[in-house]
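Asks: Here the structure of chain A is known, so what remains is to put chain B in place on it, guided by the hints.
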Amino acid sequence: MKQRAALPKPGAFRRLRPAEPASHTQLHAFGGQRHTSITVIALAVPLAPSRLPTYTLNMETLPASQAPTRGVMGMARFLALVLLGALVGGVAAFLAAGFVSAVLWLNEALLISPRSRMMFDHPGLLLAATIAVPALGGLVVGLLHRGIPEGRPHTPADVIAAVQTRRGRLPARAGGLSALSALVSLGAGASVGQYGPLVHLGATLGSLGTRLLRLGRSEDNITIACGVAAAIATAFNAPLAGIVFAHEVVLRHYALRAFAPIAAAAIVGHVIASQVLARGALFHVTDTAVPHPWEFALFLAIGGLGALVAGAYMRAILGVARLAGRLPLGPTLRPAAAGALLGVTALWVPDILGIGQETLRFATIAGAYGSGELLVVLALKIAATALCLGLGFSGGVFSPALVIGTLFGALCGSLVGELGALPADTFVFYAVCGMVAVTAPVIGAPLTSLLIVFELTGSYALTTAALASVTLASPIAAQLFGRSLFDIQLRARGLDLSAGRGRALLQGTPVGDYLTRDCVTLSPTTPVAAAMARLGQARHGEAYVVDARGRYRGCVTLADLEATRAARDGPPTVGAVATSERPVLHPATSLWSAMVALQEVTGEALPVVDETDGETFLGVVFEAHIARAYLAHSDALRREEHGTV
Amino acid sequence: MAPSSRHRGVAGALLLGLTLGLAAPGAGQETAPTLTVLSWGGAYERAQREAWFEPFTAATGIPVEAARYDGGLGALRRAVASGEVPWDVIDMTRTEAMAACEEGLLEPLSPALLAPAPDGTPPRQDFLPDSFGRCAITHTLFATVVAYRRDAFPGQRPTSIADLFDQRRFPGPRALQRTPAVNLEWALLSYRVPHEELYRLLSTRRGLALALARLDSLDEIRWWEGGEEPPEMLIAGEVVMASGYNGRFFDAMINRDAPIEILWDGQVQEHETWVIPRGSRHPEAARDFIRFTTTTERLAELARRIPYGPARRSATRQVTTHPETGLDMRLHIPTHPLNAERAIVKDEAWYARTLGRIRDYFRDWLAARPEP
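Here the protein sequences line up with chains A and B, keeping their order.
By the numbering used here, the letter at position 466 of the first sequence is numbered 467, and the numbering carries on one by one without gaps.
By the numbering used here, the letter at position 321 of the second sequence is numbered 514, and the numbering carries on one by one without gaps.
Here are a few chain B residues that face chain A, going by a calculated C-beta distance under 8 Å:
1. Y384
2. V386
3. S396
4. W543
5. R546
6. T547
Rather than coming from a laboratory, the hints here were simulated on the basis of the structure.
Positions of the beta carbon are idealized from the N, C-alpha and C atoms, including for glycine.
Isolated chain B, as found in the complex:
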């Protein structure tokens, strides 16, 4: 617990609320507009509520209501077509935000609305590369990583993503997501190709074949689809290594005392963005909300509650301890320099164009693979 930082936080929120109140006099005149934020629910939404929604309401008097979805653009497409859009702000992965923006489902969003860092660093330098899209602003980054049971390999531990495929030194079944994404990247990386060349090489038949050959070399793969499955399989001892989302693994380590460890090498980061759907009823309040939640202080507060990396460098430096356990959260967020050193930057433009074909290719391979 760090009381001083908490106080600073509240004071900052009040100050920001004042300035927002002065800057947007129209906000007070509306009959108590309620801002509806579409997000992912669960532990993530709980953290968002504490770090973002409640302080925003305290600062501006605008209540925030959270709605839950599991990604996908179908509902948004229908809402925009009908003209009745029930949400003002949506928490969306960047891949989907890019697609939705191209389809004209989103309002353009300028990074000019963002606040500078406390030391005056302008947002363009403070935010991580590629944080600004035409309609989307990244607020946090989560990662798909490999976690392993600490007790599975006495005397040694995996240090590189190639160890995921090294069954001689690290024997035992693996759990992997039933998608080509991430698995192909890791499989090819295990041949020690440079990160920069991953997608160039995966663009060739030879590269794809090499990657699948590596996956084929694993004796036993348990495929998962829901994000909650891999920590369960690790805890139950069904597998010794598993891919999964870093937040879920963290949750299992903290709240369930699971004997697992995250391997950060080769982590694949993805951006979570804020977008404003076309036809939002309160676009001005939505912009204020986005500005408020992406300040250095608010991003750092979120990262104290759930180990998702802030999109701002200044916020990453300010991340402190978990409010309940006092755990140093910096070591658990994907964007921490130690963890991010060998991260894979997902080529989302590549996936946007090729996902269908890659998926078919992967499915054919899966079908041809003999079941264990």
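So here's chain A without its partners, still in its complex pose:
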């Protein structure tokens, strides 16, 4: 661990400990490089009266590459980063375009797409293929997932976790296998999305780029975001949506330093998309159609209801995943079972098969479905997607959400139409409002959803209607269910991003990284006077009592020992003086928990014991180290989020 190596030895830091606040000259003397001390002063001012300023003196624990550099070198470094972003974007865009084309090709070849099903004139064989293709595809997917350590495909949630905890470094092998299994899933007609795999593929590529060039964490996060932006820009042919998605969902902050490389990646993706992937716009609207003012109230209401549909969709996916564990089927066979079930259902309702582009299109046409049909297809599509994703198919949640949302919007539109005089030319507004109301909460990205509508339709009227709908949808779903499906999944895996990135970061850092044995340990039988002498020699105020078998038996402070000696009739050895009131930590305890524990404690350090037996003494973590680690993390975040270049 870099940060551990860079930490000064406690001895070294103790020499700085004398309580006088450090002057600025001292800061220069100790702080080394000029720019570091500037940051430190800025940091120190609000915290001034305490001893903290002295602790921050040795703050240049960050690798040099993360320190902002100004002037010509800084400019060159920044431009290189933009160039790297464009490069990552280009490769990600080509991969994304190839992925999309490969899915389309597979759908044609495997009799999933309606066109190929129509052209295949053997009803019996078609029936067999409808069941066999998703089932066999599921089998292949199940086998592929055995090559991934977690036994499950990696998704955008893993990307978010990597960036939010600043661990970066998405594994290339798991990323490649996930993309491959997603390709098989989508190609074989599973009801899953294609954008999630594309986002993860782009992110893996970005991470790989930084790793090859041996760049730092911040660069890693930026190139991951570049890959993500390029994938979205290519797949939707919507560069603005790509840029905003990378910020809104992956980075979750806005930094000028990150913006330029991400924008470069998105532009490259857009250019490649418009050359390679010629696709029709998602929606067409008549120029004349403008909704009535009162219809905006309906769009708001669709937003509120859409949040519930989004919640049902997310709950269904998570619920099936939970139930899957109780099935008498191994994880390898589960996708095959889901595929067979999907195929059988698709014999009656072929609309649920695959990505569902045709279903999406029909849902935007007034009169293509009756209200009853819409309800059935809506429910079945939710069930099919939950089944496929829950039982281990690899794929995204966005494309099915698009279909589900549009069906839901169409349902609202046709109900309104049945109630009163609704002109058919605003029907598409309802479909789009429903679409945004469901997709925005699922991926936790209201702005991206709006921009996708705007960039795909070029219609301002439609975008404003979607805005009305998302206004209620996103906050209601966030209150009831969580910021996004990704966040809910991560919370279930132990990463809570609801309180922001700073806390997640501290929760993700174990105190083991700051463990030291440079403390005074005493045997329980040590006499009090000897113990005081030892502490005086070592210039520590506390000692930890460890018995002959290495078990932690409590801690004593110099003050306790002094009091015992003054009382005369007190116990003669430290074993009797030691208290075990002080909380103990395990090496895996997070920095966040350690800070919470410290609120109850006044003292130098917290003892760390082995997690398995709960008593073997491993060492201590100094309070000062915890505070310093906190400041280092905050500072790194601040640089990343507020640094300009």
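Replies: Chain B in isolation, oriented as in the chain A frame:
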């Protein structure tokens, strides 16, 4: 009239004839081989004779004899089976050429035999996409379009194919071809679906039902079968809008002064190709003929006489005026960029596999439709 271009044309033809003569010495030794070209007759054949057959004979000394057919592969099948194939080159729609090629009725035809454009652009870049099949080379494109009476809708005119189904703004009876093809595409397009998705959507029961529902919404449809009928119905005022072949509508506008206008939105283009039947007696001369007629200059000359779009981009740019009326022909050919902007690319592979079922479906619908 453009005399300079005419002179250039003759000079070019002579030059080409010389090179062909040098390149194929065997051609002169045969006892005056006559090249038999099977084509569609009528105004089309007349234009072909002027623009292609006569200059070819002038350049090579090989006389060209035209035979006439109305499409279909039956005669070709019988001829190939008997071993007596009376034709050397056939003018065939691409759909039929694809089918005939699969049946082994045609000689393979390599695009390598084609001449480059005058500026040196190789044929692969000069010809429109999908012009080369295994046995067929596209020479021209014709279109099925909607035409309307200029005087039927005072103050406004149809601008989009959806207007064909908009009886509120454009009232009056319509004439449509008694086939599912083209009608289904237009009907679905009127729901404003993107062109790229047409055949994907028509592949679903829902898509077909939507298309037929749109056709059903028209109060009065007059169904036509022969290509000459729709201009007649328009001229007689029996209908206000009609689908039909762009060449026929043009002919009615020029030669009969019909008050009609073509709506290019949603035009469905089809390729006319050259093919050499298996067992042709003069395959070498046939290849020379194909090379000669598909040069930029010859294609442009044909398009001056009948408004069928040249398969070459370079030829489209060189199309000038109608030789007799002096009318600017560029505005009347389907491949002109202004006209082709929103053309439908017919999915011929889709039709090749589904036509039977689609036709049955369409016939059932027709039978269930109450007669007006």
